[in-house]
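FYI, the numbering for the sequence shown is 1 to 742, going by the UniProt record's numbering.
For the record, the hints were derived by calculation from the structure and aren't laboratory data. The reader is advised that the hints may include incorrect statements.
[What the hints assert, rightly or not] Restricting the straight-line Cα-Cα distance to at most 20 angstroms, the calculated cross-link-like pairs of lysine to aspartate or glutamate (EDC-like) are: (1) Lys435 - Glu453; (2) Lys28 - Asp55; (3) Lys434 - Asp407.
[What the hints assert, rightly or not] Distance windows between CB atoms, simulated: (4) Arg639 - Lys384: 50 to 60 angstroms; (5) Glu301 - Ser88: 52 to 62 angstroms; (6) His216 - Ser88: 21 to 31 angstroms; (7) Thr388 - Gly277: 45 to 55 angstroms.
We put the beta carbon where it would ideally sit given N, CA and C, even for glycine.
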Amino acid sequence: MSISHWMKGHGATMGVIWLAEEFGKLPKLSILLMYYNRLSGEIPASIGLLPKLTDLRLFSNNLTGVLPPQLGEYCPLWNVEVDDNMISGELPQNLCAGGALSSIIVSNNNLTGNLPASLGNCSTLGNIMIQSNRFSGDFPAGIWSSAVNITTVIMHDNALSGTLPDKLPWNLSRLEMENNRFSGDIPSWAGNLLVFLADNNSFSGEIPANMTGLSHLQILSLAGNHISGEIPLAISTLKALTTLNLSHNQLTGEIPASIGSLQVLNTLDLSVNQLSGVIPVAIGNLKINFLNLSSNRLSGEIPISLQNPAYDHSFLSNPQLCSSDLLLNVRSCETGSGGSNGLSRGVRIMFIVLGVLIFVIAAGFAIFVIRDCRRRKDGDDLAKWKLTSFQSLDFTESSIVRGLTEDNLIGSGGSGKVYRIHLDNRARDIVAVKKIWNSKKWDSKLEKEFQSEVEILSSIRHANIVKLLCCVSSVDSKLLVYEYMGNGSLDRWLHTKRRVEATSVVLDRLESGPRPLDWPSRLRIAVGAAQGLCYMHHDCSPPIVHRDVKSSNILLDSDFRVRIADFGLARMLAKSGELDTASAIAGSFGYMAPEYAYSRRVNEKVDVYSFGVVLLELTTGREANDGGEHGSLAEWIWRHVQDGNKLMDVIDQNIRDPLYVDEIAAVLKLGIICTGTLPSTRPTMNEVLQILLRYERMHGIGDKPYAEYDGAPLLQARRSSRNKRPSDGDECNDDGSLACNV
Numbered sequence: 001m002s003i004s005h006w007m008k009g010h011g012a013t014m015g016v017i018w019l020a021e022e023f024g025k026l027p028k029l030s031i032l033l034m035y036y037n038r039l040s041g042e043i044p045a046s047i048g049l050l051p052k053l054t055d056l057r058l059f060s061n062n063l064t065g066v067l068p069p070q071l072g073e074y075c076p077l078w079n080v081e082v083d084d085n086m087i088s089g090e091l092p093q094n095l096c097a098g099g100a101l102s103s104i105i106v107s108n109n110n111l112t113g114n115l116p117a118s119l120g121n122c123s124t125l126g127n128i129m130i131q132s133n134r135f136s137g138d139f140p141a142g143i144w145s146s147a148v149n150i151t152t153v154i155m156h157d158n159a160l161s162g163t164l165p166d167k168l169p170w171n172l173s174r175l176e177m178e179n180n181r182f183s184g185d186i187p188s189w190a191g192n193l194l195v196f197l198a199d200n201n202s203f204s205g206e207i208p209a210n211m212t213g214l215s216h217l218q219i220l221s222l223a224g225n226h227i228s229g230e231i232p233l234a235i236s237t238l239k240a241l242t243t244l245n246l247s248h249n250q251l252t253g254e255i256p257a258s259i260g261s262l263q264v265l266n267t268l269d270l271s272v273n274q275l276s277g278v279i280p281v282a283i284g285n286l287k288i289n290f291l292n293l294s295s296n297r298l299s300g301e302i303p304i305s306l307q308n309p310a311y312d313h314s315f316l317s318n319p320q321l322c323s324s325d326l327l328l329n330v331r332s333c334e335t336g337s338g339g340s341n342g343l344s345r346g347v348r349i350m351f352i353v354l355g356v357l358i359f360v361i362a363a364g365f366a367i368f369v370i371r372d373c374r375r376r377k378d379g380d381d382l383a384k385w386k387l388t389s390f391q392s393l394d395f396t397e398s399s400i401v402r403g404l405t406e407d408n409l410i411g412s413g414g415s416g417k418v419y420r421i422h423l424d425n426r427a428r429d430i431v432a433v434k435k436i437w438n439s440k441k442w443d444s445k446l447e448k449e450f451q452s453e454v455e456i457l458s459s460i461r462h463a464n465i466v467k468l469l470c471c472v473s474s475v476d477s478k479l480l481v482y483e484y485m486g487n488g489s490l491d492r493w494l495h496t497k498r499r500v501e502a503t504s505v506v507l508d509r510l511e512s513g514p515r516p517l518d519w520p521s522r523l524r525i526a527v528g529a530a531q532g533l534c535y536m537h538h539d540c541s542p543p544i545v546h547r548d549v550k551s552s553n554i555l556l557d558s559d560f561r562v563r564i565a566d567f568g569l570a571r572m573l574a575k576s577g578e579l580d581t582a583s584a585i586a587g588s589f590g591y592m593a594p595e596y597a598y599s600r601r602v603n604e605k606v607d608v609y610s611f612g613v614v615l616l617e618l619t620t621g622r623e624a625n626d627g628g629e630h631g632s633l634a635e636w637i638w639r640h641v642q643d644g645n646k647l648m649d650v651i652d653q654n655i656r657d658p659l660y661v662d663e664i665a666a667v668l669k670l671g672i673i674c675t676g677t678l679p680s681t682r683p684t685m686n687e688v689l690q691i692l693l694r695y696e697r698m699h700g701i702g703d704k705p706y707a708e709y710d711g712a713p714l715l716q717a718r719r720s721s722r723n724k725r726p727s728d729g730d731e732c733n734d735d736g737s738l739a740c741n742v
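Using the sequences and the hints, build the whole thing.
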């Protein structure tokens, strides 16, 4: 009998499912995976008495009550994941009694009290995620010395206290402890550290000067503490650093010029300190998305490269700073500070004469340019283009406009064309330019709405969302300038080869197709895309709905890091009236949620549906509109399952590795869930992300076979609004859900 049928007789009433007490009467039960099932009620205390239980995963449900007090006391428990529930009380005192505990994930609950002191003697611990609870008291200090293989400690948003050891464990890669009550000095660094977040605690002392060996550190954030002293010069050795936040401390001295050598740094916040001296010119050479040096004691002129509207609020409350750009919220350098005798009469006359000469030369040049522009057939004179930058740029609108040639064209869609443009700046950068046209003139109202939307999009800062560098606009078209993604789109990597093989004529410019992506690469891409969408849905206020999620809008940089592109573009075009035409949305057929197609009703669940289609593409290798007589891929897979066929039959031949097949099937089922007809049956992007993250983490867990991690038992695709024809391969449940047959 299947577990879902067994539960219906023992733990379900009126559509509410809970964990039945009978689970505690299964002495051979070693793995209990029932995550993402809307389970209610309490976890039976008898589960804590199971003698062979090793793996308990009940995350993303509606569970209440307390954890079984004797959990871990009588079994070799190695993994506990009960996050995203409403569990209260304290952690069981003997979780590590079996000597095998490797991972504790209990985040996003209502847990209280002290952490068990016994965890300080648990040498097998590798992963602790207890964030967003109400834990208090000292963090068990023994963990830092006894858990020699600890890699992840995430405990932000609690009321924990204590100090950190003199030196962090060598293998620690992530330490996130914001919004707690820790004190003492910042410890010496660990060589494998990737992320260190310790905002809003009570740390004091100085930042450790020795930073050698931290070649992998990407995020360092110590904001809101009592740290003093100077910023170490050795900060320049952190070559992988993308985020540096030392704001709201008591730092003194000058800003090290060596920060300008951190080429991948995109967030720098040193605000609300006591830093003095001038702003290093080298910082202006970085491509920083977010810069805040406000509320310090900085002086001198702001580097020219930073005198940009994108940094309009980056230098506030520095009385001795000045700027030659009147757009900045600082005083003009020309006003001086008083007490000067002024320039000599001869010097003033020289400037006046020089000014007149420059004016005459400029006027003559302007006349020449105007005449030349009138002769141009395309009318794309630079005078009609306006550049709005969102970060420090070392190119102008002319570099962009001149690059809009057929030779640089790399794509075209319903909303416009895409160009790859090589800039003539010092770095010889490459940018991607989306040229949006409108059949109507942009009146003042539409222009303001467009600018407002673009400014919102430019403010989004996330590693998995493509950076909008600037906007170049004219009367009838807009140019959105993005960072260039060297490996193109996911669509190219999944489908180019199949398209070429499907035609008997191969065009000269058509590639034979890149090599097929293996499953770990596809899973990483799915996780990256989900992280970007999750940020837009859950971390932006108000939430941002992409509206056009598809594999061609999931881009890959030269290192195969994922970026979501074209977010918000559909909304901007809708405001101008362009999305009322079928041509504007033709590229989205196969990805559109049913409710969007017939009612244009938009919320986050529209993106969830589209992302579900992307998951189906990743697991089957088929295109979104490759559904044969059923039209779309989503409908075709649903019919395939409904007719009793196995999911194994639709998995892409290129990734059908026995090592991963169960995992692939589970992600395929997740895609089916996401493409449910009713929006209410689809999960949120946060729920989707959590499931994908767990499968990604499995690639680093020992040598257990993947079959032991299958989430299939209760990972059910709810399609109650569709007509069902049961077959031997299906389990038909009373609530209209379908348990897929692997």
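Hint by hint, here is what the structure shows:
For the given pair, lysine 435 sits about 16 angstroms from glutamate 453 by alpha-carbon distance, which is consistent with the 20 angstroms threshold. For a cut-off of 20 angstroms, the pair hint linking lysine 28 to aspartate 55 stands: about 13 angstroms separates their Cα positions. Note on lysine 434 and aspartate 407: the hinted pairing holds, with a Cα-Cα distance of about 15 angstroms set against a maximum of 20 angstroms. The given range of 50 to 60 angstroms is respected by arginine 639 and lysine 384, whose C-beta atoms sit roughly 53 angstroms from each other.
In this structure the supplied range 52 to 62 angstroms holds for glutamate 301 paired with serine 88, their Cβ-Cβ distance being about 57 angstroms. Taken as a hint, the range 21 to 31 angstroms is violated for the pair histidine 216 and serine 88, whose Cβ atoms sit roughly 38 angstroms apart. Our hint of 45 to 55 angstroms for threonine 388 and glycine 277 is violated, since their Cβ atoms are close to 31 angstroms apart.
Of the numbered hints listed earlier, those contradicted by the structure are 6 and 7.
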